[in-house]
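Enquirer: Produce the complete structure using the sequences and hints provided.
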Amino acid sequence: LRKSIELLEDDATVFGLFVEWMYYGDYAIAPLSLPSGKPTGSTNINAKCWILGDKLLCPDFKNHTMGRLYTQHTATAFNTAVTTSDVHYACSNSVVQSKLREFYVALVATHFNDPARLHGSAEDWD
6 LRKSIELLED
16 DATVFGLFVE
26 WMYYGDYAIA
36 PLSLPSGKPT
46 GSTNINAKCW
56 ILGDKLLCPD
66 FKNHTMGRLY
76 TQHTATAFNT
86 AVTTSDVHYA
96 CSNSVVQSKL
106 REFYVALVAT
116 HFNDPARLHG
126 SAEDWD
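Residue numbers (the numbering used here): 6 to 131.
One thing to keep in mind: the hints can contain errors.
Stated by the list, open to error - Cβ-Cβ distance ranges computed for the label pairs, FRET-style:
#1 Asp15 to Thr81: 28 to 34 Å
#2 Glu128 to Tyr75: 23 to 29 Å
#3 Ala82 to Glu11: 24 to 30 Å
#4 Glu107 to Lys60: 33 to 39 Å
#5 Phe83 to Ala114: 17 to 23 Å
#6 Leu61 to Ser126: 31 to 37 Å
#7 Glu107 to Phe20: 23 to 29 Å
#8 Ser9 to Arg106: 28 to 34 Å
#9 Asn118 to Phe83: 16 to 22 Å
It should be emphasised that the hints constitute simulated quantities derived from the structure, not laboratory data. Glycine residues also receive a C-beta, built at the ideal position from the N, C-alpha and C atoms.
Expert: Written out as structure tokens, the structure reads:
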């Protein structure tokens with residue numbers, strides 16, 4: 006009898022970050038992508054980590070990744086803009102009342118008129 010879980014739809018890199026967090030209490034994304042944790046045109050890797058933590062029922066990992074997301078989008082040192090792909094990914098992969106959705110909705114509502122904080126045209130956000 007083989008006891009295993011297959012996460013066919015999940016990125017192996019994201020799972021690797023989960024394992025790294027389990028061992029070290031943190032994970033490094035710099036070698037994997039741009040300093041922002043977000044290669045051009047892709048979804049924020051910290052958001053992907055939050056979704057994996059939700060699937061694995063691991064609130065400590067979700068809290069850790071949420072802290073990273075918050076810092077990434079609010080600290081002036083990072084000032085990473087939110088994109089439509091981030092919000093779409095969060096909404097497509099989480100339940101309506103999830104903290105990840107609430108986080109992105111609050112960011113979008115707060116910074117809707119700030120092109121430095123939100124990337125995409127009004128049509129993209131519609």
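Enquirer: Each hint needs a verdict: does it hold in this structure or not?
Expert: Evaluation of the provided hints:
no.	hint	result
1	Asp15 to Thr81: 28 to 34 Å	holds (32 Å)
2	Glu128 to Tyr75: 23 to 29 Å	holds (28 Å)
3	Ala82 to Glu11: 24 to 30 Å	violated (39 Å)
4	Glu107 to Lys60: 33 to 39 Å	violated (18 Å)
5	Phe83 to Ala114: 17 to 23 Å	holds (20 Å)
6	Leu61 to Ser126: 31 to 37 Å	holds (36 Å)
7	Glu107 to Phe20: 23 to 29 Å	holds (25 Å)
8	Ser9 to Arg106: 28 to 34 Å	holds (30 Å)
9	Asn118 to Phe83: 16 to 22 Å	holds (20 Å)
The structure shown violates the earlier hints numbered 3, 4.
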